[in-house]
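Colleague: If you read the protein sequences in the order shown, they are chains A and B. Just so we're aligned, residue 1 is where the first sequence starts under this note's numbering, counting upward by one. Just so we're aligned, residue 1001 is where the second sequence starts under this note's numbering, counting upward by one.
If you're looking for bench data, these hints aren't it; they were derived computationally from the structure. Keep in mind that the hints are not guaranteed to be accurate.
To be verified - Computed from the model, here is a short list of chain B residues facing chain A with C-beta under 8 Å:
1. 1099
2. 1100
3. 1103
What the hints assert, rightly or not - To list a few chain A residues with every Cβ distance to chain B over 12 Å, as calculated:
4. 11
5. 12
6. 15
7. 22
8. 27
9. 62
10. 69
11. 71
12. 73
13. 75
14. 79
15. 84
16. 86
17. 88
18. 111
Virtual Cβ for every residue (Gly too), placed ideally from N, Cα, C.
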Amino acid sequence: DSGVTQTPKHLITATGQRVTLRCSPRSGDLSVYWYQQSLDQGLQFLIQYYNGEERAKGNILERFSAQQFPDLHSELNLSSLELGDSALYFCASSAGWASGSGRETQYFGPGTRLLVL
Amino acid sequence: GESVGLHLPTLSVQEGDNSIINCAYSNSASDYFIWYKQESGKGPQFIIDIRSNMDKRQGQRVTVLLNKTVKHLSLQIAATQPGDSAVYFCAENNDGNTGKLIFGQGTTLQVKP
Chain A
1 DSGVTQTPKH
11 LITATGQRVT
21 LRCSPRSGDL
31 SVYWYQQSLD
41 QGLQFLIQYY
51 NGEERAKGNI
61 LERFSAQQFP
71 DLHSELNLSS
81 LELGDSALYF
91 CASSAGWASG
101 SGRETQYFGP
111 GTRLLVL
Chain B
1001 GESVGLHLPT
1011 LSVQEGDNSI
1021 INCAYSNSAS
1031 DYFIWYKQES
1041 GKGPQFIIDI
1051 RSNMDKRQGQ
1061 RVTVLLNKTV
1071 KHLSLQIAAT
1081 QPGDSAVYFC
1091 AENNDGNTGK
1101 LIFGQGTTLQ
1111 VKP
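Turn these sequences into a full structure, and let the hints guide you.
Modeller: Put into structure tokens, the structure is as follows:
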């Protein structure tokens, strides 16, 4: 158990809908990351938050957004869902001792499996 | 572009043998590397990491070797066990100001009893 929790575990929804994925980082970790894992693209970095502020962005679609709250939990919002958004979405966290959290070990949660029908 | 690739998609070994999983990276600016293990239905699990100022790092039954000259990374697992069966990913970080990790495609390790 990494200490990172994600809810829900599974999510089935229809095209055009909007969903929210939730992540609680390990106790004390300041940095939260979101990754998408699909069969054709592998594990792709989406976005990083550090102590409530956006720190880095990857190839995150404009239909996707995220935020990190004062209690450090994070949410990933996916809107106008398309069939191609079906994937595993992972949250990870790291300590955040180093500014920006570069070169820190990231611990992954169990993921949310999203299926868009 | 940025990429971290793996030489072999599947590696099959006999229980008790040593396993070597290879990874090539393309960005010479990368200075931090991590190996993750992912079992079916689970999230990636941290195995070991190494910074670019090191050539080798050892953990429990695992060793990571880094060859910066040829931009190559390997994970060695000693006395491979059935529980080691999983997909193994290497990942790199080339921006110390962020934690963005670039992952390779993964190698499936199959351990035959």
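Colleague: A separate judgement is required for each hint: does it hold in the structure or not?
Modeller: These are the hints, each one checked on the structure:
1. 1099: holds, 4 Å
2. 1100: holds, 5 Å
3. 1103: holds, 4 Å
4. 11: For residue 11 of chain A, whose nearest Cβ neighbour in chain B is about 15 Å away, the distance exceeds 12 Å, so it holds.
5. 12: holds, 16 Å
6. 15: holds, 25 Å
7. 22: Holds, since 15 Å exceeds 12 Å.
8. 27: Per Cβ check, residue 27 of chain A is outside 12 Å of chain B; nearest 17 Å; holds.
9. 62: holds, 19 Å
10. 69: Residue 69 of chain A clear of chain B: closest Cβ-Cβ about 19 Å, beyond 12 Å.
11. 71: Correct as stated: the minimum Cβ-Cβ distance to chain B is 20 Å, above 12 Å.
12. 73: Fine: 17 Å to the nearest Cβ keeps residue 73 of chain A off the interface.
13. 75: Residue 75 of chain A clear of chain B: closest Cβ-Cβ about 18 Å, beyond 12 Å.
14. 79: holds, 23 Å
15. 84: holds, 19 Å
16. 86: holds, 16 Å
17. 88: Since the minimum Cβ distance to chain B is about 8 Å, residue 88 of chain A lies within 12 Å and the statement is violated.
18. 111: The claim breaks: residue 111 of chain A does not keep its Cβ more than 12 Å from every Cβ of chain B (closest is about 5 Å).
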